[in-house]
Amino acid sequence: MTTKTRIFSLLKGENDYFKRHLLTTSALLSIVLTAMPAWAQESPDDAQARIDALEQQLERVLGVVQDLSAEIKSLKNSTQAVAPAPSPATADGLTPIDLSERLDAVAASVEEANTRIDDVEDIAFDIDERVGSRALVRAFDAKSFDLGGFIHTAATFVDGQENDEFAVNRLFFGLLASAQLSDKWSLFVGQAFMRDSDVNYGDPGNRLDPNFSIVNKTPLMLAYATYEHSDALTVDVGRFLTPHGIINIEHFPAILLDPEQPQFLRPFSGQTIFSNFINGAKVSGQVYKPNGINGTLGYSVYAGTYTENSDSVNYGGRAFWSFGDTGVTIGANLGGGRRDGADSDYVLYGADLLYDKGAFQWKNELFITDEDLGGDRLAFYSQPAWRFAEGWTAFYRFDFLDDGTDEGDRKEHAVGLTFKPVPQVHLRAIARLNRFDAGGGFEQANAENYQLSATFSF
Amino acid sequence: MKRLSSQILRSLSLVAALGLGGTMATKGWAADYVVLVNKANPTELSGDAAVDTIRQLYLKELSNWPNGLHADPFAREGGSPAQTAFINNILKMSPTAVTDHWTRVKQTKGETPPREVGSERILFRLIGKFEGGFAIVSAEEAASAPDTVKVLLTFSD
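Sequences listed follow chains D and B, in order. Anchor point for the first sequence: position 433 equals 433 in the working numbering, and the numbering is continuous, going up by one each time. Anchor point for the second sequence: position 78 equals 78 in the working numbering, and the numbering is continuous, going up by one each time.
Warning: the hint list may mix true and false statements.
Quick list of in silico lysine to aspartate or glutamate cross-link-like pairs, EDC-like style, CA-CA up to 16 angstroms [said to hold, decoys possible]: (1) D:411 with D:448; (2) D:143 with D:198; (3) D:184 with B:111; (4) B:60 with B:72; (5) B:60 with D:183; (6) D:289 with D:250; (7) B:92 with D:198; (8) D:73 with D:141; (9) D:143 with B:111; (10) D:184 with B:147; (11) B:109 with D:448; (12) B:60 with B:140; (13) B:129 with B:72; (14) B:109 with D:141; (15) B:60 with D:203; (16) B:109 with D:390; (17) D:420 with D:448; (18) D:289 with B:61; (19) B:92 with B:61; (20) B:92 with D:448; (21) D:184 with D:250; (22) B:39 with B:147; (23) B:150 with B:140; (24) D:357 with D:325; (25) B:39 with B:131; (26) B:39 with B:72; (27) D:289 with B:48; (28) D:357 with D:308; (29) D:143 with B:72; (30) B:109 with B:61; (31) B:129 with B:157; (32) D:217 with D:198.
Derived, one-sided and incomplete: chain D residues facing chain B with beta-carbon distance under 10 angstroms [what the hints assert, rightly or not]: (33) 120; (34) 222; (35) 358; (36) 422.
Think of the hints as simulated: they come from the structure by calculation, not from any bench. Just so you know, these numbers come straight off a predicted model, no measurement behind them. All residues carry an ideal CB built from backbone N, CA and C; glycine is no exception.
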């Protein structure tokens with residue numbers, strides 16, 4: 001029993017202990033008071049003895065009374081220290097139930113506030129973990145600034161008919177940066193730092209004597225400003241990838257299954273069929289479900305100058321149609337301009353077909369040129385790929401190039417296995433067989449090459 | 001008292017959830033997950049059109065809602081049930097295909113994936129702040145969404 005309830009019990013006369021002591025005390029006092037006259041008539045010795053006994057009893061009773069008084073006083077003090085007993089209603093008319101509900105509401109509010117503080121603290125910890133005491137990089141003047149890039153390296157062994165060569169022939173650091181200037185305006189820049197070499201052939205027919213000649217290059221790959229009016233109309237001004245086909249648009253080794261692009265895109269930044277890069281302006285856009293037809297219609301048109309032939313204009317464009325969510329995209333390409341180092345114009349026609357859904361991907365491109373001087377050019381490839389396990393892809397590519405010379409066509413078969421242990425790392429093993437057809441007085445020749453490559457992107 | 005308060009709080013949450021569940025049923029979004037948009041977004045899409053639009057906006061193949069409003073997609077934490085359901089049912093891609101997509105977009109356009117937001121409360125605030133904002137939340141999380149957001153699409157895993 002608590003002190004508080006004991007007090008209530010005492011006040012209500014429900015405590016037997018207390019009642020017993022009160023009754024005993026009262027009875028003893030009554031006996032003493034009524035017996036006093038009789039004691040006076042007894043002998044002096046007997047009377048004195050009885051008086052002593054009664055005094056002792058009275059003394060004990062008074063002691064008990066004093067104890068009880070002290071206990072009552074103590075209990076009264078303790079009642080003042082504890083909360084008052086529940087009352088049917090407080091001064092402002094609230095019942096205990098109202099107060100309980102208010103208390104619960106406050107508790108709920110506190111709990112919610114604590115949860116929110118936990119969320120904010122999680123974010124603060126996360127930011128602190130990323131930033132810590134380090135300085136933040138801030139753009140001079142932009143809404144946002146993103147930095148990325150990649151390192152690509154490759155080791156290649158070439159077995160030619162007259163020579164074998166091995167080299168770590170690719171080391172390529174690409175730095176990519178984009179800045180959002182406003183909702184409509186942005187910049188994108190890609191700077192390359194390269195120490196690399198293609199497989200070169202030292203013999204007159206470019207087919208028998210493979211070798212590497214690693215050189216240091218630092219080309220500005222991309223640098224353009226974008227104005228995005230809408231999804232249907234975007235304008236890029238600067239240096240950009242010509243929007244032809246599939247692989248030239250993807251271009252960078254972190255994305256490609258075979259970082260050695262198809263023959264018609266070699267050498268890097270060349271113009272074998274069309275200029276891989278161009279300085280100029282591009283207008284592009286896409287429309288989803290035009291006229292209610294399920295699919296996406298897109299286009300890109302451009303005009304500009306090829307760096308190695310900057311006194312003339314190259315132009316071109318591509319239109320594509322994606323068939324809903326079938327994974328199929330077809331593209332049509334048209335272009336033209338002037339050849340590097342020759343007073344010769346060309347017209348480009350091309351088509352591309354992409355299937356990319358689920359475990360299968362199939363890329364195909366075909367380009368034909370109509371040349372003013374020299375033979376017309378033809379290039380195509382077909383590259384099926386199978387994503388057979390998480391991170392693993394196997395592919396094959398047949399690649400054909402007729403570069404318009406009389407030295408014979410070039411065919412390339414490539415079989416590769418690629419693995420991405422994490423999304424930022426792309427490892428590959430590729431075997432390649434090059435066939436050089438007879439022509440121009442040169443005999444047919446073969447070369448095999450085997451390459452291990454890795455691309456690390458961020 | 002604390003235990004009692006917790007019990008009452010849980011009971012109220014349950015009652016609220018049941019109440020909102022009833023509302024969800026009447027509104028036709030009795031589902032596992034919902035895609036929330038800003039309340040001021042006038043876009044009205046449903047079915048495959050909504051799924052296709054959200055997929056293209058999330059993947060940044062399109063950057064504007066059909067009405068021209070600039071889209072601000074938000075992602076949930078990688079591997080979370082909501083994000084997994086979103087990838088499976090809206091993007092309809094494998095996780096590898098999604099990462100390949102973002103590698104391609106980053107390297108060719110300089111675009112980055114949508115920002116990941118773990119806390120649904122912060123997500124609500126972001127969607128409420130950006131007129132073109134959108135994200136997936138579970139129906140349970142949506143029950144506590146403020147009136148600055150609304151449901152565009154619902155689906156079950």
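Which of the listed hints are not met by the structure? Violated hints (numbers, rising): 2, 6, 7, 8, 10, 11, 12, 14, 15, 16, 17, 20, 21, 28, 31; every other hint is consistent with the structure.
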